[in-house]
Amino acid sequence: MRKVIGTLLAIALVTGVALVANRPGPAGAQGGGTIEATVTYAGAPVVEKLKVNKDTEKCGTEAVIEKVVVGGNKGLANAVVSVPGAKGGAPKTVKTVVDQHGCKFVPHVSAMTPGEMDLKNSDDILHNIHTYSTANPSINKAQPKFKKVMAEKFEKPEFIKLTCDVHSWMLGWVAVMPNPFFGVTDASGNAKIENVPPGKYAVEAWHETLGKQSKEVEVKAGQATKVAIEMKK
Amino acid sequence: MRAPLLAAVALVLATPAVVGAQAGDANAGKAVYQLKCIGCHGEKGDGKGPAAELLMPKPRDFTTGIYKIRTTANKVPSDQDLFRIITDGMPGTSMPSWAVLSDRDRWNLVAYIKAFAADKFKEAPKKLDLPKEVSSSAESIKRGKEMFEAIECNKCHGTEGRADGPSRAELKDEWGHPIPPANLTKRWTFRGGPTRTEIATRLAAGVLGTPMPTFIDSVEKPEDIWHLTNFILSLRPESPGYATLVTVTAMSDAIPDDPNAEFWKKLTPNNIPLMGQVIQDPRNFNPSIDLVSVRAVYNDKEIAFHLTWDDPTQSAEDAGKKLYADGISLQFPPQPSSGPERPYFLMGDSSDAVYLLRWENGKGVTEATGNGPTKIAAIPGAEATGKAVYANGQYRLIMKRPLVSKSEARPTFTPAVFMPVAFQAWDGGAGEGGTKMSLTSWYYLRLEEPQSSHRFVIPPVVAILTLAVMLLVVRIANRRA
Chain B
1 MRKVIGTLLA IALVTGVALV ANRPGPAGAQ GGGTIEATVT YAGAPVVEKL
51 KVNKDTEKCG TEAVIEKVVV GGNKGLANAV VSVPGAKGGA PKTVKTVVDQ
101 HGCKFVPHVS AMTPGEMDLK NSDDILHNIH TYSTANPSIN KAQPKFKKVM
151 AEKFEKPEFI KLTCDVHSWM LGWVAVMPNP FFGVTDASGN AKIENVPPGK
201 YAVEAWHETL GKQSKEVEVK AGQATKVAIE MKK
Chain X
234 MRAPLLAAVA LVLATPAVVG AQAGDANAGK AVYQLKCIGC HGEKGDGKGP
284 AAELLMPKPR DFTTGIYKIR TTANKVPSDQ DLFRIITDGM PGTSMPSWAV
334 LSDRDRWNLV AYIKAFAADK FKEAPKKLDL PKEVSSSAES IKRGKEMFEA
384 IECNKCHGTE GRADGPSRAE LKDEWGHPIP PANLTKRWTF RGGPTRTEIA
434 TRLAAGVLGT PMPTFIDSVE KPEDIWHLTN FILSLRPESP GYATLVTVTA
484 MSDAIPDDPN AEFWKKLTPN NIPLMGQVIQ DPRNFNPSID LVSVRAVYND
534 KEIAFHLTWD DPTQSAEDAG KKLYADGISL QFPPQPSSGP ERPYFLMGDS
584 SDAVYLLRWE NGKGVTEATG NGPTKIAAIP GAEATGKAVY ANGQYRLIMK
634 RPLVSKSEAR PTFTPAVFMP VAFQAWDGGA GEGGTKMSLT SWYYLRLEEP
684 QSSHRFVIPP VVAILTLAVM LLVVRIANRR A
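Chains as they are written, first to last, in my numbering: chain B, 1 to 233; chain X, 234 to 714.
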């Protein structure tokens, strides 16, 4: 049973990540460059744990709330790296899918361009999508077990917090970004942004609890530019 | 001549416009606000008035433009929605009805409170279209129950709707304050009103700023909103029908010991409202238990009280965790007095004691003498017994004791005599204990006179005798003639 859940989780994760990672269009079509960002954090990981009193078949008996996930070489996961100033390139929309699986939002952080996203419920129990946002209207919609997918629209750039009142430990973020030049860091703190139009930009990293940091880079056509950003408390 | 005529015409034309006016004057509203609203909602409209600290739920923070009760499909309430709440108040909260203010004043208030979040009201309210109404029927209620289970209303509202769902303790509102789910069996406490349309509207549009989500797109078919509404309406009548006198029914058989026995369900409950104890510190401004249903019977030996009340959390005393036990008590004068004098209702005082028949989770039924809420002494030689059951957010308890008592500390119950009675209750899970309780002032209890078979014998005998006398009179009269 555990294996099955694990596999499902992995599939869900891969799907989520793939949707974000597969974003780039035809490589180098616009003569863009690549940004290879590494986000680090010197502090300790922050993980909260909570005893679960319901739906333990789906949620497990202990909820783990990973607020700050630090991997090898201090790499910080779940940070959104973006190039807010980048303009041009092929106009493109990036959709994201967030699944409610095992009473967690999977992926914990994802990013999209303004438009629609899909919210899945693969838990077969009631969840309610309760968002906290200011630029976009916040929503609080029930998603009972028979409602497998709901589409939601977020038109304005913003970092939107996702919660569920039924399972108060559930926490997720959707970053609505003004342009398609962004990535979410993996477990080692790496994110790759491709096809960035050449130019000088401030690369920005955002983390749900650690805030924002930015660094100047110059992107050259056909080249990869490395940038290291350290998050501070 | 012309001028007064014109003025009269102008007045006639203007009057209806004033009465129906929806566009209030924010400046005029401010004056009313500062007199009537500022104590709770605060000068800045942020819900942080001086009284806010003691209130639960907290007063509305107007600066966010978030309103619980809307009849709109978007987040903006209509002016009529705001006017309605000002006029009718919100049951179960500290918001009273302001119908005492003139229409004009209330519309001006609407304009003023909107001004606290002017940018939020730039968007026009969008009318919510409810699905086609489905009237109540056995099938509709059945479907509503199925949907209640399918969409898991129980997660917050509990299996039987008594606000005891497993997510209860986790629920927080937009401001991070704990917020309890509604007890669906107590429609009269629904913030947005107890009627069909109001309930369907809350289900469809949700309660903004709270964990209650919108369900209009989250039911299997749109009309399920009405099936759910019909199911909720079927849980209990719209009004609790409070009792003014507790009637104790006479019976000749033995009194059942099981609180769940069918016998008790057949008796009409005497519903008694309870209030928070706010006289003696520490006080209870937000009592958890607001209603106890009393069923009482007696036979020639015993008197039994069957009490039913909702408590979302079953809790026993745990000194380590600072938890209190749930409890309830019935209070009587130790000896019935002939005059109107009764002991102080708040568990007696130093000169006049009260007799307490009490039950505590973990300790069972006990008897005590009270000389005030902090001076309670157990009566030696227990004569009372009892049994409690707890299920789905509700206690059912039987307390029994002999009808007659020889001790000075305990009253004797006599048929047809009005006996003062009062109630106190504690929800330990809500931190209630000691003086933090819900209570009533004195009510009266009356034991029905035992109904003997005489009533079936005497009237016919009287009728036959009367007939005989009449016949006799007729016969005598005939003879004389």
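Keep in mind the hints are simulated off the structure, nothing from the lab. Be aware that one or more of the hints could be misleading.
[Claimed, not checked] Okay, derived cross-link-like pairs now, EDC-like style, lysine to aspartate or glutamate, Cα gap no bigger than 16 Å in a straight line:
(1) K347/X / D314/X
(2) K51/B / E286/X
(3) K141/B / E407/X
(4) K54/B / E403/X
(5) K291/X / E453/X
(6) K145/B / E366/X
(7) K145/B / E379/X
(8) K161/B / D314/X
(9) K141/B / D406/X
(10) K141/B / E379/X
(11) K147/B / D314/X
(12) K161/B / D406/X
(13) K148/B / E453/X
(14) K153/B / D450/X
(15) K145/B / D406/X
(16) K148/B / D314/X
[Stated by the list, open to error] Chain B residues, not near chain X, derived (Cβ > 12 Å throughout):
(17) T34
(18) G89
(19) D118
(20) P137
(21) H167
(22) D186
(23) A187
(24) E208
(25) Q223
Keep in mind the model is a prediction, meaning the values are calculated, not measured. Think of the CB as a built atom: it goes at the ideal place given N, C-alpha and C, for glycine as much as any other residue.
Hints and how they fare:
1. K347/X / D314/X: holds, 12 Å
2. K51/B / E286/X: Cα-Cα ~30 Å, so violated.
3. K141/B / E407/X: holds, 15 Å
4. K54/B / E403/X: holds, 12 Å
5. K291/X / E453/X: Status violated; Cα separation ~35 Å.
6. K145/B / E366/X: Distance of about 25 Å is beyond 16 Å: violated.
7. K145/B / E379/X: Between K145/B and E379/X the Cα gap is close to 13 Å, so the pair holds against 16 Å.
8. K161/B / D314/X: Violated. K161/B to D314/X sits at ~29 Å, over the 16 Å cutoff.
9. K141/B / D406/X: holds, 15 Å
10. K141/B / E379/X: Roughly 20 Å between the alpha carbons, so the hint for K141/B and E379/X is violated.
11. K147/B / D314/X: violated, 31 Å
12. K161/B / D406/X: Judged against 16 Å, a Cα distance of about 15 Å means the pair holds.
13. K148/B / E453/X: holds, 12 Å
14. K153/B / D450/X: holds, 15 Å
15. K145/B / D406/X: Not satisfied, since the Cα-Cα distance of roughly 24 Å exceeds 16 Å.
16. K148/B / D314/X: Judged against 16 Å, a Cα distance of about 34 Å means the pair is violated.
17. T34: Fine: 41 Å to the nearest Cβ keeps T34/B off the interface.
18. G89: holds, 33 Å
19. D118: D118/B is indeed farther than 12 Å from all Cβ atoms of chain X, at 14 Å.
20. P137: violated, 6 Å
21. H167: violated, 7 Å
22. D186: holds, 31 Å
23. A187: holds, 29 Å
24. E208: Non-interface label on E208/B holds, nearest chain X Cβ at 17 Å vs cutoff 12 Å.
25. Q223: holds, 45 Å
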